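Asks: So you can see what is in the structure, the chains are spelled out below.
There are 2 protein chains.
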Amino acid sequence: MTDGSKVIRARAFRWPAVPRTEYKAESQTHRGVSRQTLMGDGAGEEALAFITRYFEVEPGGYTTLECHGHPHAVVVLQGRGQVVLNGAAHEVGLHDCVYVAPGTIHQFRAAPDGPLGFLCMVDRVRDRATPMPPAPPPGGVRS
Amino acid sequence: MTDGSKVIRARAFRWPAVPRTEYKAESQTHRGVSRQTLMGDGAGEEALAFITRYFEVEPGGYTTLECHGHPHAVVVLQGRGQVVLNGAAHEVGLHDCVYVAPGTIHQFRAAPDGPLGFLCMVDRVRDRATPMPPAPPPGGVRS
Numbered sequence: 001m002t003d004g005s006k007v008i009r010a011r012a013f014r015w016p017a018v019p020r021t022e023y024k025a026e027s028q029t030h031r032g033v034s035r036q037t038l039m040g041d042g043a044g045e046e047a048l049a050f051i052t053r054y055f056e057v058e059p060g061g062y063t064t065l066e067c068h069g070h071p072h073a074v075v076v077l078q079g080r081g082q083v084v085l086n087g088a089a090h091e092v093g094l095h096d097c098v099y100v101a102p103g104t105i106h107q108f109r110a111a112p113d114g115p116l117g118f119l120c121m122v123d124r125v126r127d128r129a130t131p132m133p134p135a136p137p138p139g140g141v142r143s
Numbered sequence: 001m002t003d004g005s006k007v008i009r010a011r012a013f014r015w016p017a018v019p020r021t022e023y024k025a026e027s028q029t030h031r032g033v034s035r036q037t038l039m040g041d042g043a044g045e046e047a048l049a050f051i052t053r054y055f056e057v058e059p060g061g062y063t064t065l066e067c068h069g070h071p072h073a074v075v076v077l078q079g080r081g082q083v084v085l086n087g088a089a090h091e092v093g094l095h096d097c098v099y100v101a102p103g104t105i106h107q108f109r110a111a112p113d114g115p116l117g118f119l120c121m122v123d124r125v126r127d128r129a130t131p132m133p134p135a136p137p138p139g140g141v142r143s
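Going down the list, the protein sequences come from chains A and B.
Numbering follows the numbering used here, with no gaps: position 65 of the first sequence is 65.
Numbering follows the numbering used here, with no gaps: position 26 of the second sequence is 26.
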């Protein structure tokens, strides 16, 4: 296609021109999450101030509980589940949007009966996420 | 919801918390287009470097043929139609993505049998669009 513009074809939540990668493969703080970076990271797409990614969480899976200084703009494309925002869980479903403000401790969880798929847009220039520790056991104290 | 994060509920391609507006009501260069600004324009959302909008084009409708210096990142959410990129028409359908590079003359057209709905993300700081004149009649000359 001329001049850098392009159409990226979709089929059943896969975009064949886009690699699908394990999300943070080195970590054990998530389960069953894949990522496809749809726009913003390709050659010639540097003009965008943001990156458009598609995340898919397997049934019963979850993303890392984490916190960072940059915000997220999320649009659910399939399935249902929960988003946890500073300790409160909220049900999310098709085309619900989630604005995750800077500094919010957050996690996305798929329902047990199907995958949860969502677009997640982020600023191109952003800080790294800090994983949050799991909740302490009942009666536990901070050392 | 605490700390500025929020869930914006969807129902059948409407987000009740979000106003739906006529797209460029003052212009006669488009037909049957509405816009809902989902994220990036609300109170407390200034941290996002970009705006997430949902456009819906009625069956047979079309957006303005236009050009600008900022890029678009588009994801189709419903229906099918065409995107015109520098004079070439490309079919688009569910979840296809379109990267519209800076300076590309572009237009979205819905198929005659149903609406075309798509997310269109843009940088928060961007230039205004320039509408393109309709094609001159055969044999016409520029004055």
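Treat the hints loosely; a few may be bogus.
Which copy? The list can't say, so a pair holds if one copy fits it or any two copies do.
Lysine to aspartate or glutamate pairs mimicking EDC-like chemistry, simulated, CA-CA at most 20 Å apart [stated by the list, open to error]: (1) K6 x E45; (2) K6 x E22; (3) K6 x E66; (4) K6 x E58; (5) K6 x D113.
Hints are computed from structural coordinates only; laboratory data are not their basis.
If you're wondering where the values come from, they're calculated on a predicted model, not measured in any experiment.
Asks: Indicate, hint by hint, whether the structure satisfies it.
Replies: Cross-check of the supplied hints:
1. With identical chains, the CA atoms of K6 and E45 are at most 20 Å apart within one copy only, with a shortest distance of 10 Å there and 29 Å across copies.
2. Taking the shortest alpha-carbon separations for K6 and E22, neither the intra-copy value of 25 Å nor the inter-copy value of 27 Å comes in at or below 20 Å.
3. In this assembly of identical chains, the alpha carbons of K6 and E66 lie at most 20 Å apart only when taken from different copies (17 Å versus 33 Å within one copy).
4. When the C-alpha separation of K6 and E58 is checked against a cutoff of 20 Å, the pair qualifies neither within a copy, at 30 Å, nor between copies, at 24 Å.
5. For a Cα distance limit of 20 Å, the shortest separation of K6 from D113 qualifies neither inside one copy, at 35 Å, nor across copies, at 25 Å.
This entry does not satisfy hints 2, 4 and 5, going by the numbered hints stated previously.
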